[in-house]
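Going line by line, the protein sequences match chains R and Y.
The opening position of the first sequence corresponds to residue 42 in the working numbering, with each subsequent residue numbered one higher.
The opening position of the second sequence corresponds to residue 8 in the working numbering, with each subsequent residue numbered one higher.
If you're looking for bench data, these hints aren't it; they were derived computationally from the structure.
Bear in mind the structure is a predicted one, so any value in this text is a computation, not a measurement.
Among the hints, erroneous ones may be present.
[Claimed, not checked] Among chain R residues calculated to face chain Y with C-beta under 7 Å, some are: (1) Thr76; (2) Ser317; (3) Arg320; (4) Ile335.
Even glycine gets a Cβ: it sits at the ideal position worked out from N, Cα and C.
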Amino acid sequence: MILNGTIRSLATTSAATIAASLALVLLIAVADLVTGYEFTLSILYLLPIFLTTWRVGRGAGIGVSIVATIAWFFTDLLAGHEYSHPFYRYWEALIKLGIFAIFGAMLVRLKLALERSDQRLVTVLERLDAAVCVFDPDDGGLLFANERFRRAFGDLPGSAGVERLRRLLKIDRKAPGDDGPWADSSTWSEVDACEDHHAGHWNLIQVRSIRWVDGRCVALLTATDITESKRAEQINRQQRERLEGTAKLVAVGEIASMLAHQINQPLSASINYSRSGIRRLKSGNWDTGTLIEIMEQASQEGARAGAIIQRVREFVKMREPNRVPVEVNSIVAGTLALMRSEAAKHNVAIAFEPAAGLPRVNADRVMIEQVIMNLLKNGIEAMQDSPTAQRDLRVRTDVNDANWVHISVCDRGHGIPADLADNLFQPFFTTKRDGMGLGLNICRSIVEFHGGTLWATPNADGGSTFHFTLLLESAS
Amino acid sequence: MTTPVVHVVDDDEGFRNSLRSLLESCDLAVQTYADAEEFLTRYVSDRPGCLLLDVRMPKMSGLQLQDELQKRQIRVPLVFITAHGGVAMAVAAVRRGALDFIEKPFDDEALIGLIRDALDKDAQDRQTTERQIDLGARLASLSARERDVLDRVVDGRLNKIIADELGISVKTVEFHRKRIMEKLRARTVAELVNLVVQHRVSARKA
Chain R
42 MILNGTIRSL
52 ATTSAATIAA
62 SLALVLLIAV
72 ADLVTGYEFT
82 LSILYLLPIF
92 LTTWRVGRGA
102 GIGVSIVATI
112 AWFFTDLLAG
122 HEYSHPFYRY
132 WEALIKLGIF
142 AIFGAMLVRL
152 KLALERSDQR
162 LVTVLERLDA
172 AVCVFDPDDG
182 GLLFANERFR
192 RAFGDLPGSA
202 GVERLRRLLK
212 IDRKAPGDDG
222 PWADSSTWSE
232 VDACEDHHAG
242 HWNLIQVRSI
252 RWVDGRCVAL
262 LTATDITESK
272 RAEQINRQQR
282 ERLEGTAKLV
292 AVGEIASMLA
302 HQINQPLSAS
312 INYSRSGIRR
322 LKSGNWDTGT
332 LIEIMEQASQ
342 EGARAGAIIQ
352 RVREFVKMRE
362 PNRVPVEVNS
372 IVAGTLALMR
382 SEAAKHNVAI
392 AFEPAAGLPR
402 VNADRVMIEQ
412 VIMNLLKNGI
422 EAMQDSPTAQ
432 RDLRVRTDVN
442 DANWVHISVC
452 DRGHGIPADL
462 ADNLFQPFFT
472 TKRDGMGLGL
482 NICRSIVEFH
492 GGTLWATPNA
502 DGGSTFHFTL
512 LLESAS
Chain Y
8 MTTPVVHVVD
18 DDEGFRNSLR
28 SLLESCDLAV
38 QTYADAEEFL
48 TRYVSDRPGC
58 LLLDVRMPKM
68 SGLQLQDELQ
78 KRQIRVPLVF
88 ITAHGGVAMA
98 VAAVRRGALD
108 FIEKPFDDEA
118 LIGLIRDALD
128 KDAQDRQTTE
138 RQIDLGARLA
148 SLSARERDVL
158 DRVVDGRLNK
168 IIADELGISV
178 KTVEFHRKRI
188 MEKLRARTVA
198 ELVNLVVQHR
208 VSARKA
């Protein structure tokens, strides 16, 4: 780019350069004539020769060299320089021409070598797989950008582009005396992968400060496209989650099966004893001692079943919730932040309408987050088949009479069929392919533990709203 | 006839004892065993009975015990008791010759019905076995010549032809026939034929 600009500017000025050089040659010739042949100024001819060769080209350089030689020849002649033989004047002119030609040729070589090395650098930068640019962090001027950068980010015209870069890189304007991330040019100040909003690509953006050719301190930025690895990472994560989900499902099935088996034994035994007693009584062939024993056995077996249930209770109790005064709005906002990417993945927009000045509630933060997260997930899943424009989820908080905070999650999905509404909160009831049927049941348990209630209502314009209430701190 | 015994093999003591109480209330004799090994060492086949067997047990499972019984040629009617999730195994057990299975917790009437069926089957099996053993002994008491005559009688040949084939007189054939009828305790020729065919069929089965 720099090279192209140079060539363009040179093309417009080449004619002027030649004219100026010729004028310079004339000037030198006149001066040389005035000073006489003993005080020769012929070395000054190298100046116009240099100008034309460097700025216009080899041909023009040779032309000016010849003109300069001729000018010297006539100056020398007019100045009355006598030689012992007339041939020596021609010889002297030839030597001059030779020196000018050698000088010109060397200049051409030098220029070519410089151009080549510049071109090599630019070619590498242009073909690089990473987007590279150099910009001024103060005024935002773009000093250099390779092809890939221009393609990915556009030309970032003026300071507007740099404002965007600043936002992207979270770079604040330098405070006077503070060189910030630019202070040490040897370290990259890495910025975590920033999203390119135009093409849906993920880029790892790295910036460091370098000294520009004119001595200014500028920023060198490289952006590497890491979309593929991001995508692979995401697929990996999804697979891991699915695996974990399956493992959980298996674990729950295992626990349920084990419990059923454990409780089945004493229960069956208790039934057997009872039936045994009934049979004896019916047959009329019985004695009190045996019957008392049988009934005692039956109650003992019942107690055994009870003990198993007690053990399960104690196991559950070990995870006693930790209730402290918390802000409901901050819990909701925190959970929403966690769910943003999940929602974005399904093109669902979430709107949060928090009530202002909400009093605090006594609750286990993690548990309430679980409830909200579950309701949000359900809402997102319910809208999977809805048109994209309709996919919005509204979360509201408000104070329900004096003692309750009311939280609602409203979706515009498929709604709840009337015949399923009764089973909604039953454990192990699910309409999802890989669901456990425990989500809403657990949610309801959590909310009820906090003294609140969880319920669902259909919306007038489709979809459903899940509500739950939490007791205010002042009321509990 | 000796009273039948219901053998119960279950690793859960409470359940085992409750089953004993229930079955005793129906005037059934009950023997309980904590595991398959105990059953194999303590079981004696001299009394009619049936076996109630838990499918899931530590060490040797109900199905393994079933295999072991078949290997040892102990023929006792089997009823499997299954808990949660054991139905598939119980079905496999029935395919391999168990009489039936019942799921815990069960209806006592259903269980007692099954036990009665099993005991009936055992009684029948024992009767058949006895009869076969008896018939075998009676057949064994025949002399070689009497067996020759019997084979031909069963094939439906006339005395004259039998006499020709064996190179003896018709009178001798008639004498042998009379002895055969006595030894096998058959009143008519039809009964005789029936007995022999029955024996052949059961011999082939074994």
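Now the hints, each set against the structure:
A cut of 7 Å between beta carbons decides the hint on R:Thr76: the least distance to chain Y is about 119 Å, and the hint is violated. Because the closest C-beta pair between R:Ser317 and chain Y is about 4 Å apart, less than 7 Å, the hint holds. Nearest Cβ of chain Y to the Cβ of R:Arg320: about 4 Å, under the 7 Å cut. The hint holds. Evaluation of the R:Ile335 hint against chain Y yields a held restraint, the C-beta minimum of about 6 Å falling below 7 Å.
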